[in-house]
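*Asks:* Residue strings, one per chain:
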Amino acid sequence: MPTITVYDAMAQALAEEMRRDARVLMFGEGVATKRPELVGEFGSARIRNTPLAEGIIAGTAVGAAATGLRPIVDLLFAPFLCYAMDELVNSAGKLRYLSGGQFEFPLVAISMTGAGWAVGSQHNHNVEAWFAHAPGLKVVMPSNAADYKGLLKSAIRDDNPVLFFVDIGLLYQPGEVPGGESLVPLGRAAIARPGHDVTLVSYAKTVAVCLQAAEALAATGIAAEVIDLRTIKPLDEATVLASARRTGRVVVVHEASRTCGVGAEVAALVAEQAFDHLKAPVRRVTGPDVPPPASYPLEQAFVPGVDAVAAAAKALVRKPH
Amino acid sequence: MSPFSSPALPSAAVPSIEHPEDLLEAMLLIRAYELRLSELSAQSGTPGTCTAVGQEAAAVGVLSALRAEDLILTNHRSAGHLLARGADPGRMMAEVMGRRDGYCKGKSGSLHISVRELGVVLTSTIVGGELSLATGVALSQTLLGRPGIVACFFGDGAAGEGIFHESLNLAAVWKLPILYVCENNEWQAFVHRRETMVGERIADRAAPYGIASATVDGNDVEAVRDAARSATAAIRDNGRPFLLELATYRQRGHFEPDDQTYVDAAELAAWKARDPIERMKARLAAKDGFTTGDFAGLQARVAARIDAAAAFAQASPWPDPAELLTDVYA
Ligand SMILES: Cc1ncc(C[n+]2csc(CCOP(=O)(O)OP(=O)(O)O)c2C)c(N)n1
Ligand SMILES: [Mg+2]
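Line by line, the protein sequences give chains A and B.
Number 160 in this note's numbering belongs to position 160 of the first sequence; there are no gaps in the numbering.
For this note's numbering, add 321 to where a residue sits in the second sequence, where the first one is 1.
Source of the hints: derived by calculation from the structure; they are not laboratory data.
We put the CB at the ideal spot given by N, CA and C, even for glycine.
Be a bit skeptical, because a hint or two may be false.
[To be verified] Lysine-lysine pairs mimicking DSSO-like chemistry, simulated, CA-CA at most 30 Å apart:
{"no.": "1", "chain 1": "A", "residue 1": "Lys94", "chain 2": "B", "residue 2": "Lys496"}
{"no.": "2", "chain 1": "A", "residue 1": "Lys34", "chain 2": "B", "residue 2": "Lys496"}
{"no.": "3", "chain 1": "B", "residue 1": "Lys593", "chain 2": "B", "residue 2": "Lys608"}
{"no.": "4", "chain 1": "A", "residue 1": "Lys314", "chain 2": "A", "residue 2": "Lys279"}
[To be verified] Anything over 10 Å on all C-beta distances counts as not near chain B; from chain A, calculated:
{"no.": "5", "residue": "Val39"}
{"no.": "6", "residue": "Val62"}
{"no.": "7", "residue": "Gly63"}
{"no.": "8", "residue": "Leu95"}
{"no.": "9", "residue": "Lys138"}
{"no.": "10", "residue": "Asp236"}
{"no.": "11", "residue": "Arg245"}
{"no.": "12", "residue": "His277"}
If we strip away everything but chain B, and leave its shape as in the complex, we get:
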């Protein structure tokens, strides 16, 4: 409807994750980033984080199916989404550490990192907050005539919030181009999903709102990418929301450090045996003749980036105390 044009929100280059090795490298980067932060938080004064170790295929698979003009909303477990979108691990670590060079000047910490220049437009750590905001972002896309769709990441726990239902219903009624991505990792902080819901699938909740949905193996990065590609194609075609549920598992607990004494060891072991990185590595070896040397090469490249990121973050100064009072009002 709008007579005027508004510039697309992503202004920085968004990397494309094309080849099978790219998918693997992107997952390795996330894994290395999160493990490094876990180590740092165990040793020094670095704050803890919510890691998504074991869920890398979900982030990478979906992000590889998005376009630069698409917008993303995420939550407390966002490192994978941000890194797969092309965020600089150094600036992310600086943010986690509360330093000046963080993406949010250190004011967010790990829990609500947004990167406007990459189209990661609003991050909420109020469980379900991103679901409440995605409809408005999609409304802007539609009314301002911008091309991108909106991807909204949330957990299985968030699907228990009332706002999940309000968001799906409004998106359906207003025909908003939203890819709802539920990372069902079986855990809602310290409560297992089976204690909080009847049935297995969050995706079953889409049909009553007239929303198309799919559930895929969230630990198979190519399956996730393919499902996300067909979901985004449908959204771009008909302008309507889609709910994609990714069945995955949180391997390291809710918030570092977490000894996970409350987790069933057999369940954890079964999911570790389905680790998304190991599976992609094995598939590449079987299909494309990917060697251990190739893998070592990828790992070395990733390790060097994480070393540089940590050094950058640790060298970044603390914010000026005057920053306490800035950025409250426009």
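Bound-form chain A, shown alone:
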């Protein structure tokens, strides 16, 4: 299997899907400038730079999606999604329902977020839970190059609006990417490491943190299972619940702030549907409820670390029951 970066895996996905379907096009601030190879192959009608105006970029995608195109928009950094919130939430998410099913909105909105570039909280803010809370949208946030490619391709083929979050910290990380179609279905979590004592549920860059924590836990005789959600909405409830029932202990780990984050949803799901199997309370290890800072050590301190995850897991396993 060839090893390529997340950035290149996404580039492959874009090119393959544009080749496959003439209705797919991509636009955003600097999209054509940054991807000359796509302009070369597909022409400037299908790869476009736009004005600096996220609202109309997103709105144009929504209007185009409803009337026959399959747009991908690059909205750059996740905090800029605030300018596109109306178009994504009120139009893309609601107008299918409000019209009684007359329209579909096959579009992908890509944005970057997460610690890694020391850019501060107006460029780094993990807002995936906001969109998971909005009806009619799907939300994807992969953890490795193969999934970035396979999930981006599936998102482009999906007939619904998909928010595709790219973890900045992973952008240039290499990973093995299979050849061929290599589709990864939306809504399906992956078991990144099997185990039977405790389940670590995560997504994006903290999957790697959980895998390292699982390694450390193994040295102390604790077998941790690591689940990579990959898609946040629709959430793969079956995979999470099956693991929770098997291990009886769940730690949810994400970089996004704690309050009303994805971890709260996973914890509630497990409490509602796997309570009888639990040997300890569900724990969350998350970013704090503060704006992510720029300073490198502060930015690193924001992200859940290996030690914190391992300690949370150990505390659950040691808890007498």
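Add chain B with the ligands to chain A, keeping to what the hints say.
*Replies:* Chain B with the ligands alone, transformed into the frame defined by chain A:
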């Protein structure tokens, strides 16, 4: 650019509004529809609506200049646009009442009625929402090689939203075939336009974006139609956007019921004296020998349609509760 063809979105017959009597009848239908709903909402459990009483010439004049292949985006004050496009008043009323036979299965209510089969493709009641979507619809028309242009109706208030400027700018830069139709009715919910903008005309905002524009008397249906015809001809010819501002007035307040105690009585009276229906009726009488009998005939036909529409809507069942959970995802 596209190698494949995509079917045109309007699939149902779109009526043509040709003759002067057609213009008058179309306006009468809108007036009767909105007044009937106002009465129903005052008496019974029918929800209130945003009426465009007094603005019928704007809707009818523009719609009469459009072709079947053109697409339309509209907003919360959409009944006139929909009816002039040929929407069935019964299905519209059923939608307002939240019934199963509404165009959107009752899920929209009055505020965001779309009718895909008539090319009324997306309706947003987020003020300015339609402006954010029109560019994408026009991009589809262009890239998929479809013939129709896009008409986007919005209010003077929407022109205060930032997205108005983003939309005009992108349409100009990307050369999108959009007819921006600003119905300047002097009111933005409960705030008069003069409190929110310097100057009188929204159309003045087109030139800085390199967009051609015109302002016409929005209460003169033939003037609106003529202006819309020349605007659409220009768009079809050069593929570029055009902003048409229609100067009109909202006679019945923002949302039924509205006693309009905040409205200046003299201003309202002055605009009522310029009522678009009365003016067209007088013109027909003067020019074409249109008699009171002819007028009564038109009114009777319209009243019968509205009676039938109301009966249809009231007989339409409520949606099945299971509908709550459908149509969220494709
Ligand atoms: C974003 C947003 N802000 C406020 C409202 C509430 N609202 C609905 S209609 C309206 C007035 C709009 O004025 P205008 O654009 O002039 O259209 P008109 O109602 O006069 O036709 C307002 C404020 C809304 N629906 N959306
Ligand atoms: Mg207004």
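*Asks:* A separate judgement is required for each hint: does it hold in the structure or not?
*Replies:* Checked hints:
Proposed proximity of Lys94/A and Lys496/B is supported: the alpha carbons are some 28 Å apart, at most 30 Å. A threshold of 30 Å between alpha carbons decides the hint, and for Lys34/A with Lys496/B the separation of about 23 Å falls inside it, so the pair holds. The straight-line distance between the Cα atoms of Lys593/B and Lys608/B is roughly 22 Å, inside the 30 Å bound, and the hint therefore holds. For a cut-off of 30 Å, the pair hint linking Lys314/A to Lys279/A stands: about 13 Å separates their Cα positions.
For Val39/A, the requirement that its beta carbon stay farther than 10 Å from each beta carbon of chain B is met, with the minimum near 13 Å. The Cβ of Val62/A does not lie farther than 10 Å from every Cβ of chain B; its closest approach is about 6 Å, which violates its non-interface assignment. Distance check for Gly63/A against chain B: the nearest CB is about 2 Å away, which does not clear 10 Å, and the non-interface claim fails. The claim that Leu95/A lies off the interface is violated: its Cβ sits roughly 6 Å from the closest Cβ of chain B, which falls inside the 10 Å cut-off.
Residue-level check failed: Lys138/A sits 8 Å from the nearest beta carbon of chain B, not beyond 10 Å. Against the 10 Å criterion, Asp236/A stays outside the reach of chain B, whose nearest CB is about 16 Å from its own CB. The Cβ of Arg245/A lies farther than 10 Å from every Cβ of chain B, with a closest approach of about 27 Å, so its non-interface assignment holds. Even its closest Cβ contact with chain B, about 28 Å, leaves His277/A beyond 10 Å, as expected for a residue assigned away from the interface.
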